[in-house]
Amino acid sequence: MSFVEVNDVAVTYDGAPILRKVNLQVAEGAFVTIVGASGCGKSTFLRLLLSQEQPSDGTIRVAGVHLPSSPTPDRGVVFQRYSVFPHLTVTENLILPLEIERAKGLGLTFGKLRRSLKAEVEEMLNSIGLAHARDRYPSQLSGGMQQRLAIAQALLKKPRVLLLDEPFGALDPGIRRDMHDLILALWTNTGMTIFMVTHDIAEAFKLGTRLIVFDKIRHDVADPSSVGATITYDLPLRRRGVVAEGLAGATISAANMLDHSLAEISQDRP
Amino acid sequence: MSYSNQKIGLASRVALGALPFAALVAAYSVGSHIRRADNPADKLLPPLDDMAATFWRMATVPDQRSGDLLLWTDTFQSLARLGAGVLISAAIALLVGVIIGYLPRGRATLAPFVAAVSLIPPITVLPILFIVFGLGETSKVALIVVGTAPVMIRSLAQAVMDIPREQFVKIATLGASTVQCVCRVVLPQIWPKLITAIRLGLVPAWIFLISAEAIASTDGLGYRIFLVRRYLAMDVILPYVAWITLLAYALDRGLQLLSRKLFRWAHLEGESL
Numbered sequence: 001m002s003f004v005e006v007n008d009v010a011v012t013y014d015g016a017p018i019l020r021k022v023n024l025q026v027a028e029g030a031f032v033t034i035v036g037a038s039g040c041g042k043s044t045f046l047r048l049l050l051s052q053e054q055p056s057d058g059t060i061r062v063a064g065v066h067l068p069s070s071p072t073p074d075r076g077v078v079f080q081r082y083s084v085f086p087h088l089t090v091t092e093n094l095i096l097p098l099e100i101e102r103a104k105g106l107g108l109t110f111g112k113l114r115r116s117l118k119a120e121v122e123e124m125l126n127s128i129g130l131a132h133a134r135d136r137y138p139s140q141l142s143g144g145m146q147q148r149l150a151i152a153q154a155l156l157k158k159p160r161v162l163l164l165d166e167p168f169g170a171l172d173p174g175i176r177r178d179m180h181d182l183i184l185a186l187w188t189n190t191g192m193t194i195f196m197v198t199h200d201i202a203e204a205f206k207l208g209t210r211l212i213v214f215d216k217i218r219h220d221v222a223d224p225s226s227v228g229a230t231i232t233y234d235l236p237l238r239r240r241g242v243v244a245e246g247l248a249g250a251t252i253s254a255a256n257m258l259d260h261s262l263a264e265i266s267q268d269r270p
Numbered sequence: 001m002s003y004s005n006q007k008i009g010l011a012s013r014v015a016l017g018a019l020p021f022a023a024l025v026a027a028y029s030v031g032s033h034i035r036r037a038d039n040p041a042d043k044l045l046p047p048l049d050d051m052a053a054t055f056w057r058m059a060t061v062p063d064q065r066s067g068d069l070l071l072w073t074d075t076f077q078s079l080a081r082l083g084a085g086v087l088i089s090a091a092i093a094l095l096v097g098v099i100i101g102y103l104p105r106g107r108a109t110l111a112p113f114v115a116a117v118s119l120i121p122p123i124t125v126l127p128i129l130f131i132v133f134g135l136g137e138t139s140k141v142a143l144i145v146v147g148t149a150p151v152m153i154r155s156l157a158q159a160v161m162d163i164p165r166e167q168f169v170k171i172a173t174l175g176a177s178t179v180q181c182v183c184r185v186v187l188p189q190i191w192p193k194l195i196t197a198i199r200l201g202l203v204p205a206w207i208f209l210i211s212a213e214a215i216a217s218t219d220g221l222g223y224r225i226f227l228v229r230r231y232l233a234m235d236v237i238l239p240y241v242a243w244i245t246l247l248a249y250a251l252d253r254g255l256q257l258l259s260r261k262l263f264r265w266a267h268l269e270g271e272s273l
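Chains A and B, in that order, give the protein sequences.
Following our numbering, the residues of the first sequence are numbered contiguously, the last one being 270.
Following our numbering, the residues of the second sequence are numbered contiguously, the last one being 273.
Treat the hints with care, since some could be wrong.
For lysine-lysine, the following DSS-like pairs were computed, each having C-alpha atoms within a straight-line distance of at most 27 Å [as the list claims (entries may be wrong)]:
hint	chain 1	residue 1	chain 2	residue 2
1	A	Lys104	A	Lys21
2	A	Lys157	A	Lys118
3	A	Lys112	B	Lys261
4	A	Lys118	B	Lys261
5	A	Lys104	A	Lys118
6	A	Lys157	A	Lys104
Some chain B residues flagged as far from chain A (calculated, every beta-carbon gap over 10 Å) [what the hints assert, rightly or not]:
hint	residue
7	Ser118
8	Val179
9	Leu232
If you only want the chain B side, here are some residues facing chain A, beta carbon under 7 Å, derived [claimed, not checked]:
hint	residue
10	Phe21
11	Glu166
12	Val169
13	Thr173
14	Leu174
15	Gly175
16	Ala176
17	Gln180
18	Arg184
19	Pro188
20	Gln189
21	Pro204
22	Ile207
23	Glu269
No lab work stands behind these hints, which were simulated from the structure alone.
Cβ atoms here follow ideal geometry from the backbone N, Cα and C, with glycine treated the same way.
Working from the sequences, and respecting the hints, build out all of it.
Next comes the structure, spelled out in structure tokens:
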């Protein structure tokens with residue numbers, strides 16, 4: 001039995017099919033990257049995994065258990081924006097998950113307990129390179145720093161599944177490479193299963209152990225919204241660090257092909 | 001450099017800002033002078049020094065009949081009514097605004113009702129308030145609440161709805177309950193919006209305060225100006241209007257400064273009025 005099992009999942013909004021017949025088995029510890037044209041349902045799929053939305057049909061199980069109806073701490077998330085809390089400083093953002101755990105009622109801590117929680121996240125602050133910015137608010141941080149904070153905050157609950165919705169989409173290329181190293185290191189160290197939606201095909205190939213493509217099976221020119229999308233490609237990728245020239249070449253040409261066909265598809269759309 | 005992106009220095013900004021005020025005072029002085037040249041006993045546009053003298057008298061000389069310093073008694077009474085009304089409105093707005101903004105069921109239940117109530121012209125319920133609560137303080141405070149609570153509720157509900165959904169999802173993935181989400185995400189993020197709502201609510205609040213005092217009261221700023229209207233005492237009315245304006249301005253600025261002081265995170269981006 002696989003760790004994440006998606007069976008015949010369909011999503012319909014107001015009669016318009018978004019996803020149809022999505023089937024997927026994912027082993028624990030996989031890094032699944034998800035690509036597809038805009039509006040093809042890849043973010044919807046991520047929201048299903050997060051329990052932010054419910055499938056209209058079909059089932060999703062994680063570790064053999066049906067997903068609950070709301071988000072839970074076993075599945076962490078990082079969005080492209082709004083992942084950290086604007087009214088809390090860097091330190092306050094980091095101790096928030098701990099405060100929620102300790103102060104069962106209101107989630108507010110004071111005095112000695114609060115100071116001890118701040119001491120607990122000190123190491124984390126250093127490891128994400130935000131120690132110097134501990135008292136700044138998110139809007140005073142660069143995009144990369146904000147996302148480092150968001151990832152660190154999500155990982156404090158030690159989720160078994162991490163869901164990333166275009167987390168690096170708004171970052172500069174250089175910063176984005178640093179973030180790739182960070183997320184790969186975290187993934188290797190924690191052994192968690194990652195699902196990451198991205199627009200960047202190269203990023204999807206670089207990070208993933210498995211790449212899935214969401215697309216519509218056929219394109220109805222007269223009524224594009226009449227057809228839902230599903231998984232059209234499911235490519236196992238090499239483990240990172242194993243260099244095999246042939247496979248690399250094949251991967252790149254596949255990437256180019258995909259890129260090309262996705263570009264074509266998106267051109268077809270208004 | 002084009003006119004639309006000129007940089008204005010501090011000194012010239014102060015000077016430019018003072019210009020319309022100076023123009024108003026000058027125009028008044030000229031008008032007053034012309035009228036009094038025709039008729040030295042003119043009451044309509046009293047000279048500035050007369051008004052200053054009257055204002056000073058009301059602030060420092062006890063009233064012959066009651067023995068009160070009228071300006072301060074009036075000001076205290078009015079601010080007490082205004083404060084009570086606006087604080088009650090703020091409390092209602094916070095509670096109902098969060099219920100409407102955060103809970104879909106609450107929104108479905110209360111949003112149409114609040115929208116309907118907010119369309120009642122508040123002054124039309126004043127007779128009802130007088131009949132129900134009598135002519136005392138309660139009905140004046142109640143008028144301010146009726147006049148300000150609906151708009152404040154709506155602006156707070158909108159503030160809650162403007163919090164990105166991602167934040168609610170995120171805090172749920174951090175293990176938070178609904179109550180914890182309200183305490184750690186919803187409330188902290190709408191405190192500055194509550195201050196903005198109070199600042200917006202103060203505008204109609206002053207109108208209803210003065211109206212209520214004009215109709216049924218024995219003290220207060222509104223009572224005083226409507227009382228002396230019978231004697232055409234412009235030398236009292238005009239300084240009182242200026243004084244009310246000054247109070248309203250000070251309250252507004254004070255609240256803005258308070259918000260900047262308490263909720264620095266909300267004022268990091270961009271200028272705001």
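Measuring Cβ to Cβ, find out whether Leu232 of chain B lies farther than 10 Å from everything in chain A.
-> holds, 54 Å
Close enough to count: is the Cβ of Gln180 of chain B nearer than 7 Å to one in chain A?
-> holds, 4 Å
Satisfaction of the Ala176 of chain B interface hint, Cβ to chain A closer than 7 Å | holds, 5 Å
Is the hinted pair Lys157 of chain A and Lys118 of chain A satisfied, with a Cα-Cα distance of at most 27 Å?
-> With Cα atoms ~16 Å apart, Lys157 of chain A and Lys118 of chain A stay inside 27 Å; holds.
Starting from Lys157 of chain A, check that the Cα of Lys104 of chain A is at most 27 Å away, please.
-> OK: Lys157 of chain A and Lys104 of chain A at ~15 Å, within 27 Å.
Verify the interface restraint on Gln189 of chain B: the C-beta must sit less than 7 Å from at least one C-beta of chain A.
-> Nearest chain A Cβ about 5 Å off; hint holds.
Quickly compare the C-alpha distance for Lys104 of chain A and Lys21 of chain A to 27 Å and report which way the hint goes.
-> violated, 40 Å
Would you check whether the claim that Ser118 of chain B is not at the interface survives, using Cβ distances to chain A and the 10 Å cut-off?
-> Since the minimum Cβ distance to chain A is about 28 Å, Ser118 of chain B lies beyond 10 Å and the statement holds.
Could you check if Glu166 of chain B really has its C-beta closer than 7 Å to a C-beta on chain A?
-> Result: holds, 4 Å to nearest chain A Cβ.
Return the status of the interface hint for Arg184 of chain B: holds when the least beta-carbon distance to chain A is below 7 Å, violated otherwise.
-> holds, 5 Å
Is the shortest C-beta separation between Phe21 of chain B and chain A less than 7 Å?
-> violated, 36 Å
Hey, does the Pro188 of chain B contact hint survive, CB to chain A under 7 Å?
-> OK, holds: Pro188 of chain B within 7 Å of chain A, min 5 Å.
Hint check: violations occur at hints 1, 8, 10, 21 and 22; the rest are consistent with the structure.
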